[in-house]
Amino acid sequence: MVLAAPQRQNPVVTWEKLPDDFILPDDPVENIQQPFLAAALTEALATSDRIQPEMLVASNFGIVANINQKTVVKAPDWLYIPRVSPVGTGVIRRSYTPNIEGENVAVVMEFLSDTDNGEYSIRPTFPYGKLYFYEQILQVPVYAIFNPYEVSLEVLRLENGRYVLQQPTESGQFWIPELELFLGIWRGTRLGMNIYWLRWWDEAGNLLLWSSEQAEQERQRAEQERQRAEQEHQRAEQERQRADDAIAQLEIERQRQAVLLAKLRELGIDAE
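If you're matching positions, the sequence shown starts at 7 in my numbering and goes up one per residue.
No lab work stands behind these hints: they were computed from the structure.
There could be a bad hint or two in this list.
With beta-carbon atoms standing in for the labels, derived distance ranges [claimed, not checked]: (1) Asp250 <-> Gly198: 50 to 60 angstroms; (2) Lys76 <-> Asn166: 22 to 32 angstroms; (3) Gly198 <-> Ile253: 54 to 64 angstroms; (4) Asp55 <-> Val19: 50 to 60 angstroms; (5) Asn16 <-> Gly96: 36 to 46 angstroms.
The calculated lysine to any residue pairs, modelled on SDA-like cross-linking and capped at a C-alpha distance of 20 angstroms, are [unchecked claim]: (6) Lys23 <-> Asp55; (7) Lys76 <-> Val170; (8) Lys23 <-> Pro92; (9) Lys76 <-> Thr103.
All C-beta atoms in this analysis are idealised placements derived from N, C-alpha and C, irrespective of residue type, glycine included.
Working from the sequences, and respecting the hints, build out all of it.
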């Protein structure tokens, strides 16, 4: 399935760094789960040492383009850029302009709310739909859309300038070559919330763990090691006890033999 934006006169796109005095919109999150979903994706990458200093992994972060002499900023719920130019010490990056501040955005994600916020919009005029912006302006290779209400995940890949809906694996996951990981839906509890999450799996099918899961895994390993050590201690104690019992039995036998020999000598019998 190809999601095609309408054919119109090509926009004039230039790449300019966002002016320092540009006021970024401070929109409220559209869904209370959104920041938690984004943080969970990022944390799993971080705990598996997959985030390098030259990368930019962010959520609700402004991506800038100048279209027909108008500054346009879209803030995906989650994004990944493989290589960006470093900023100065103490400088906080407040937005990102592709091509002049580093490489193009490789992956964007949007988490749907119960209202339409343009995630599927192909509006080709200001302020531009998100699908149009990601496909035609930024030309992001991968656009993932997660609907937590219908528990569905769509992954669109840019092919010949148009987004094409990808098919999941038999396990319902999507291969994201830009990250060399699978992306899919997982149900479980994190931070007290038992909901549907987006999770990463490596090529071998191993789930990338959150820090809490890694800590629990380490706790279980430590407990298993403690139990093994305790069992080994008990086995050693049993062996020691058996050895003590054997020595005691030998001593009893020695004493019994000594008593018997003494009685035989009293009777004038030489037992030697």
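Evaluated hints:
1. Roughly 53 angstroms separates the CB atoms of Asp250 and Gly198, a value that falls within the hinted 50 to 60 angstroms.
2. Distance hint check for Lys76 and Asn166: the Cβ-Cβ separation is about 27 angstroms, which falls inside the suggested range of 22 to 32 angstroms.
3. One distance hint, 54 to 64 angstroms for the beta-carbon pair Gly198 and Ile253, holds here, with the actual separation near 59 angstroms.
4. The beta-carbon spacing between Asp55 and Val19, approximately 36 angstroms, falls outside the hinted interval of 50 to 60 angstroms.
5. Checked against the hint of 36 to 46 angstroms, the pair Asn16 and Gly96 passes, with Cβ atoms roughly 40 angstroms apart.
6. Note on Lys23 and Asp55: the hinted pairing is violated, with a Cα-Cα distance of about 30 angstroms set against a maximum of 20 angstroms.
7. Between the alpha carbons of Lys76 and Val170 the distance comes to roughly 28 angstroms, so the proposed pair goes past 20 angstroms and is violated.
8. Taking the CA atoms of Lys23 and Pro92, the gap is about 14 angstroms. The hint holds against a cut of 20 angstroms.
9. Of the supplied pair hints, the one linking Lys76 and Thr103 holds, its CA atoms being roughly 14 angstroms apart against a limit of 20 angstroms.
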